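Heads up: the protein sequence lines correspond to chains A, B and C, in order. Each residue of the first sequence is one higher than the one before, counting from 0 in numbering that gives the first Met the number 0. Each residue of the second sequence is one higher than the one before, counting from 0 in numbering that gives the first Met the number 0. Each residue of the third sequence is one higher than the one before, counting from 0 in numbering that gives the first Met the number 0.
Don't read these hints as lab results, they were simulated from the structure. Computed from a prediction, not measured in an experiment: that's the story for all the values here. Be aware that a few hints might be false.
To be verified - Here are the computed lysine to any residue pairs in the SDA-like style, where the Cα-Cα straight-line distance is at most 20 angstroms: (1) K317(A) / Q3(C); (2) K186(B) / I276(C); (3) K132(A) / Y104(B); (4) K141(B) / E148(A); (5) K75(A) / W441(A); (6) K397(A) / K356(A); (7) K75(A) / E105(A); (8) K287(C) / G246(C); (9) K443(A) / S128(B); (10) K30(A) / V50(A); (11) K33(C) / S128(B); (12) K141(B) / L233(A); (13) K264(A) / Q3(C); (14) K141(B) / L165(B); (15) K287(C) / K126(B); (16) K263(A) / G246(C); (17) K287(C) / P151(B); (18) K132(A) / L148(B); (19) K266(C) / G50(B); (20) K313(A) / G122(C); (21) K132(A) / K141(B); (22) K207(A) / W441(A); (23) K266(C) / L233(A); (24) K180(A) / E148(A); (25) K315(A) / K30(A); (26) K126(B) / L439(A); (27) K169(C) / V199(C); (28) K447(A) / V205(A); (29) K266(C) / G234(A); (30) K75(B) / P151(B); (31) K126(B) / I276(C); (32) K33(C) / L143(C).
As the list claims (entries may be wrong) - Chain C regions said to be covered by chain A (calculated; three or more residues, Cβ under 8 angstroms): (33) 21 to 31; (34) 47 to 53; (35) 73 to 82; (36) 221 to 227; (37) 277 to 291.
For glycine and all other residues, C-beta sits at the position ideal for the given N, C-alpha and C.
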Amino acid sequence: MKYKRLTEVLKSLLTSTLLLASTGALAQQAKPIKIGFVTFLSGPAAGPFGVPAKVAAEAIVESLNAGSAPPPYNSKGFGGSPLELVVIDEAGGATKQVSEYRNLVERQGVDFVIGYISSGDCLAVAPVAEEMKKLTVLFDCGTPRVFEEASYKYVFRTRPHATMDAVAAALYLLEKSPTTKTYGGINQNYAWGQDSWSDFSSAMAVLKPQVQITSSQMPKLGAGQYGAEISALLGTNSDVIHSSLWGGDLEAFMVQAGPRGLFKKSQLVLVAGEPYLHRLGPNIPDGTIVGARGTHGVFAPDSALNNWLKSIYKAKTKFEPNYPAYSVALGILGLKSAYEAAKLKKLSSSIPMGENKGVKEEMEKAYALGASQEEVIAAFEGLSFQSPSGRMRMALGKGHQAISGTAYGTTKLVNGQVTVVNIRQYPAESVQPPEGTASLAWIKSGMKAKK
Amino acid sequence: MRDRTVLSLVAALLALLVAGRILPQWAISYASVALYTGIVVLGMILMIRTGLVSFGQGLYYALGAYAAGTLDHLWKTSDLLTMVVVGALVASVVAFVLGFLLTKYRDIFFAMLSLAFSMILYGLLVKSSELGSTDGFGLSVKTFAGIALEQPRTTIYTVAAIIAFLAALGMHWYFRSHLGRLAGAIKDNELRVEYMGTSVRRVIHINYIISAALAGIGGALMAATIGHVDPETTAYWTTSGEFVFISIFSGTTSVFAPFLGAAIFEAVRTFAAQYFPNTWQMTLGVTMLFVIMFLPGGVWSLFQRARRTA
Amino acid sequence: MLAQVPAILIDGVMAASMMFIIAVGLTLIYGVMKILNVAHGSLYALGAYTAATFAGLWLSGGHAPLGSYAVLVASAIVVGLVTGPVIERGLLRFMYGRDEIVLVLVTYAVFLVLEDLTKLVFGVDPLLVAEPYGLLGNLDIGPLTYPTYSVALIGVALIVGAVLAFVINKTKAGKMLRAVIHDREMSAAVGINVARVYLVTFTVGAMLAALGGALTAPTTSVQPGIGAEKIVLAFAIVVIGGLGSLGGAALGALIVGIVQAAAVHWKPELELFSVYIVMAIVLIVRPKGLFAIPEARKI
C-alpha cells in the first residue's frame, strides 16, 4: 500500500519534470494545435465584445506559444504543442453559424473550437458540435438554457451562466438601498434583455415581495434613440432603474438620460456596465451599481495571472481588458488545463510498472502523441482551474458548465476616471442554482444554496 | 429544339443521390443549404414571372421552419415527412388568407405590404419567450414517415433532393400549362388578360399560395438541416431580401436556375467568410453588382449561352 | 393614461423630426428616379460616422464648441457631394431602364459594400461625441426636461421641408424636376438635361441621408448596424406617407414617431412591431399610402 503510493508520487514527479523539461525540445516537432475561434467582427457586438475578445485571444495565444505565461500555464502552447487560431466572424445569424461551424471542423480541420458570444449561436451550435464529435468551448454566451435543456459530451462552457448576474444585482441593490420601494427597467427586446429582466424581477420578488414594478421598457436592439423611453421612466418616479443594455445602446441611453435628470431621480443598476466604464467617464453618475458578469476586470482578484492578462492585453491596445477578454482567457486556459491534465495522465500511465528500462522511450512516445479528444474531455469534466478571474469549477451540466462567484460595486469618478468602489463578492453557491435545478425555478423557489 | 428539361432533371436527381453516398459531410450540408434555399427561390421565381416581388417571403419560410420546430419542441413529433407536410400546409393556409388582400397590390406596394406582414411575425416571435425569443430553439429529426432513421443527416439531404426534384418538375410543367403561361401574360399586361375573361387576381392568388407552400417546405427543410430555428434568420427582412437577391442572381428563365444560383451564392458566402472575414458582405455586394452588370439574365444565362454555342 | 398624451406628442414629434430628414431624401430619390435606395441607410451611417469623427477632432482641437454644429453640417454636405455623384455616375446610370426590382438590388449591393467600407474606415468601436448635444442646455416642457438640441432639430426638419417645398414648387429648377417626374422622354425632348437632374437629385438625396446621420450623431453612440436599422424605418415612413410625396414623408414620420412613442408609454412590449402594424393598416386602407397622388405629379 505504502509502496504503491510512493510510486505514484515518484511517477507524477517524474512526469511533470519531463513534461516541463521536454517542452522546449519537443515543441519544434510537435504538430500545431489548430483552434477555430468564433467571435463578432462586425455588427454592434463587435466593438464592445467581439473585437476585445479577438485581441485577447491573439495576445493569449502569442504569450502561451512563447511560454511566457505565469504558472501553472507556463508550458508552451498546449502541453508543448504551439497553438494556431482560425478566426471566423460570428455575425450573420445562427443558420450561417451552423454552416460555418461545419466548415471549420471538416474543411479547416480544427482540433478544437472556442467561440460564440450570442446565446442564440451557442444554442444552435452545441447540438452540431455533439453530432460532429468536436470538443467545443463556449466562451461568452450567457443563457442557462444550453445545459439546462440538454446535456452534451463535447460541449463545455468555461464561464458561469447569466443567472448570477441578475441574482447578484438584486442582492447588492437591496443591501445598498434597503428602502427600495419601486423599480423600473430598460432592457433590449431580445433574449438577453428579456431574460435579464425576468430573472432580476423574479429575484426581487423573492427577496423583497413588497417592492413594486413601475415600468418595463423594451426598446429594440440597436435602437439608439430612447427619448420616449426616458420620458416614460421619468414619469414613473421609480427608486431604481434596472438595465442590461450594453455597448453603443448603453452609451446612447446614458448620454440621453443624464441631461434629463433620470439619474437624479433613480438609482441605476447596470448588469453589463463594465466593458464601457472607461468610455462613459462623466456620463455615468456616481453611485451607479455596475457588474461585469463575473469576477472580471475591476472585480478580478489581484494575482499573477490577472496581471499577466492585463499586461499582454494592454500591449495590444491602450485599454484595460474588459470582461469579454477575461471570458476568452477562461476558454483558452480552461482548455489548456484540461489538455495538459489529460496529457499528464497519459504520460503517467505510460510508465511501465516496476520496470526501469524503456521508461523514457515509452514516455516520449506518449508525449509525441498528445492527448486525444476523448482524454481531454475526460479531464475537462468537473475540472477546477485557475484563471485571471479566480478559480473556475466545471460543476454544472454534468461537469460541463463552469461556476464561480461574482461581484458588484458602485461607480465613483476620481480625477475624470471611473473607478468602482464598495465591491461586494458573492460566492458561487449563493448566486447559482445547484446541479439539476433550472435557473428560473431556483430563483422562484427562494434561491437556496446547496447544503 | 426538343425540351430536355425533364431528362436533365432526372439526371440531376440521380447525380445528387449518388453524390450523397460519396461526398464528405461538409459537402452534403452545403448541398442541403443550396437545395432548401433553391426550393424557396423557385417559389419566388414563380411570383417574379407573374410580375410581383415579395420582400416578405421570410414570413412563409419562418412559418415552415417554426412549424417543423414546434412539432418537435412542443408536440414531440420528430418526423421529417410530417414536418415538411405541416410546414407546407401552414404556409399555404396563411397565404390563402393573406392572398385575398395581397393580390390587390402591385409593384413596390406588394413588396412593402408583404414586408410588413413578415416583420409583424418577427415581432411576435421575438416576444414569445416560450419559443426562445431571439435565441430560438433546437429540434432534431428522428424518423421519416414513422421509420426510424440511422443517419438523419443523409436522409434529410436525400429528402431535400427528392423534394427539390419534384418541385422543379412540377414547376416546369406548371410553367407550360395554361395557368402557368398566364403568369407572363399578367406581367406584360394585366388588362389584356382580364379582357380575355380570366381573373387576374385568381391567377395571382394561386401562384402566391404555391410560392408560399414552397417557402414553407424550404423553411421546414432548413429547420431539419440546421437543427435550430430563430426569428432573425427566418422572418427578419434581411432574410427575405436575401431570397430576392438570390432570385435575381439566379435568373428566372429555368427551373434549374434557383438551385444553381443558391449553390453559387452559398459558395461565395462561405468562401468570403473564410478568406475575407472582415469584408464578406462587400464580397457579396460586388459579386451581385457584377452579375447585374454583365449577366442581366442571372448566372443561369451563362449556361444557356454555353448550350447555344455548343 | 391621458396624462401621458403631452409627453407622447413631444417625444413623437422629436423622433419624427430626425426620421423626416432621412425619409425625405429617400422619397425625393424615389419620386424622381423611381429607385428605392437601400443604400440610403449606409449613407446615413456614413454621415453619422464622418460627422462624429470631425466634430470630435474639432472639439479636441480646442476650437469654439459652437463651431461643432457647422462641422456636423459640413460633414454631411461633403459626404453627399462625394458619394452621391460616385454612386449615380459610376453605377446607377448604367442601370436606368432596368426593372425597378433590379435597381433595388443594385442599391442593396451598394449597401453591403458601404457597410464593410464604413467598418474598414471607422472600425467597429462605437463613436461617442456628445458635446454638441449638451451644449445648448435643457428646456423644461411641463414636468419633463428635454435637451434644447432635440427641440432645435424640430426646427431643422421644418426648414429642410420648407426649402425643399419651395425649390420644387416655386423655382425653375423645381419646374424642370417636376417635368422629369411627369415624363422623362418628353422632358429630354424639350431640352431638359435629364442626366443632370438625376445627378443633382441623387446627390441632394444622399446629402439629406448624411445630414440625418450627422445631426443624430451627437445624440447617440454611432455604432455598426445603424444603417440597416434606419433604412427599414425610413421605408415604412415613405410607404405610409405615399412614395415620392414630400408631405407624405412628413406625415409618415409624424405617424411613426407618435405611434412608437405611444407604444412606449402605454404598451412597451408592442413597440417592436408597432410601425409595421401601422404600415399594414395604412396600406390596407389606402393601398398606395396616405398621400398617393395621381401618377403624374409625385413630388
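Each hint, compared with the structure:
1. Pair hint K317(A) plus Q3(C) does not hold up; C-alpha atoms about 46 angstroms apart against a cutoff of 20 angstroms.
2. At most 20 angstroms may separate the alpha-carbon atoms for a hinted pair to count; K186(B) and I276(C) exceed this at roughly 29 angstroms.
3. Taking the CA atoms of K132(A) and Y104(B), the gap is about 50 angstroms. The hint is violated against a cut of 20 angstroms.
4. About 18 angstroms separates the Cα atoms of K141(B) and E148(A), which keeps this hinted pair within 20 angstroms; it holds.
5. A hinted pair counts as satisfied when its Cα atoms are at most 20 angstroms apart, and K75(A) with W441(A) does not qualify at roughly 42 angstroms.
6. Using a Cα cut-off of 20 angstroms, the hinted pair K397(A) and K356(A) is violated, with the two alpha carbons roughly 41 angstroms apart.
7. Proposed proximity of K75(A) and E105(A) is contradicted: the alpha carbons are some 27 angstroms apart, above 20 angstroms.
8. Between K287(C) and G246(C) the alpha-carbon distance is near 14 angstroms, which keeps this suggested pair within the 20 angstroms criterion.
9. As the CA atoms of K443(A) and S128(B) are separated by approximately 17 angstroms, the hinted pair is consistent with the 20 angstroms bound.
10. As the CA atoms of K30(A) and V50(A) are separated by approximately 28 angstroms, the hinted pair breaks the 20 angstroms bound.
11. Using a Cα cut-off of 20 angstroms, the hinted pair K33(C) and S128(B) is violated, with the two alpha carbons roughly 41 angstroms apart.
12. The hinted pair formed by K141(B) and L233(A) fails the criterion: a straight-line CA distance of about 53 angstroms is larger than 20 angstroms.
13. Distance check on the hinted pair: K264(A) and Q3(C) sit about 19 angstroms apart at the alpha-carbon level, within 20 angstroms; holds.
14. For a cut-off of 20 angstroms, the pair hint linking K141(B) to L165(B) is broken: about 23 angstroms separates their Cα positions.
15. Distance check on the hinted pair: K287(C) and K126(B) sit about 30 angstroms apart at the alpha-carbon level, beyond 20 angstroms; violated.
16. With a CA separation close to 40 angstroms, the supplied pair K263(A) and G246(C) exceeds the 20 angstroms bound.
17. A hinted pair counts as satisfied when its Cα atoms are at most 20 angstroms apart, and K287(C) with P151(B) does not qualify at roughly 48 angstroms.
18. In summary, the hint linking K132(A) to L148(B) is supported, as the alpha carbons are separated by about 19 angstroms, within the 20 angstroms threshold.
19. With a CA separation close to 39 angstroms, the supplied pair K266(C) and G50(B) exceeds the 20 angstroms bound.
20. In summary, the hint linking K313(A) to G122(C) is supported, as the alpha carbons are separated by about 18 angstroms, within the 20 angstroms threshold.
21. At most 20 angstroms may separate the alpha-carbon atoms for a hinted pair to count; K132(A) and K141(B) meet this at roughly 18 angstroms.
22. Of the supplied pair hints, the one linking K207(A) and W441(A) holds, its CA atoms being roughly 16 angstroms apart against a limit of 20 angstroms.
23. Note on K266(C) and L233(A): the hinted pairing holds, with a Cα-Cα distance of about 16 angstroms set against a maximum of 20 angstroms.
24. Pair hint K180(A) plus E148(A) does not hold up; C-alpha atoms about 35 angstroms apart against a cutoff of 20 angstroms.
25. Proposed proximity of K315(A) and K30(A) is contradicted: the alpha carbons are some 27 angstroms apart, above 20 angstroms.
26. With a C-alpha separation of about 18 angstroms, the suggested pairing of K126(B) with L439(A) holds against the 20 angstroms cut-off.
27. Between K169(C) and V199(C), the direct Cα distance comes to roughly 17 angstroms. Compliance with the 20 angstroms bound is thereby established for this hinted pair.
28. Among the hinted pairs, K447(A) with V205(A) is consistent with the structure: their alpha-carbon atoms are about 11 angstroms apart, no more than 20 angstroms.
29. A hinted pair counts as satisfied when its Cα atoms are at most 20 angstroms apart, and K266(C) with G234(A) qualifies at roughly 14 angstroms.
30. Annotation: proposed proximity of K75(B) to P151(B) holds, straight-line Cα distance about 16 angstroms (limit 20 angstroms).
31. Between the alpha carbons of K126(B) and I276(C) the distance comes to roughly 15 angstroms, so the proposed pair stays at or under 20 angstroms and holds.
32. Taking the CA atoms of K33(C) and L143(C), the gap is about 43 angstroms. The hint is violated against a cut of 20 angstroms.
33. For the stretch 21 to 31 of chain C, the proposed coverage by chain A is not satisfied: 0 residues have a C-beta within less than 8 angstroms of a C-beta in that chain, short of the threshold of three.
34. Remark: the stretch 47 to 53 of chain C is not confirmed as covered by chain A, as 0 of its residues place a Cβ nearer than 8 angstroms to a Cβ of that chain, below the required three.
35. Against chain A, the stretch 73 to 82 of chain C contributes 0 residues with a C-beta closer than 8 angstroms to a partner C-beta. That does not satisfy the three-residue criterion, and the hint is violated.
36. Here the stretch 221 to 227 of chain C counts 5 residues with a CB under 8 angstroms from a CB of chain A, which clears the bar of 3, and the coverage holds.
37. Against chain A, the stretch 277 to 291 of chain C contributes 0 residues with a C-beta closer than 8 angstroms to a partner C-beta. That does not satisfy the three-residue criterion, and the hint is violated.
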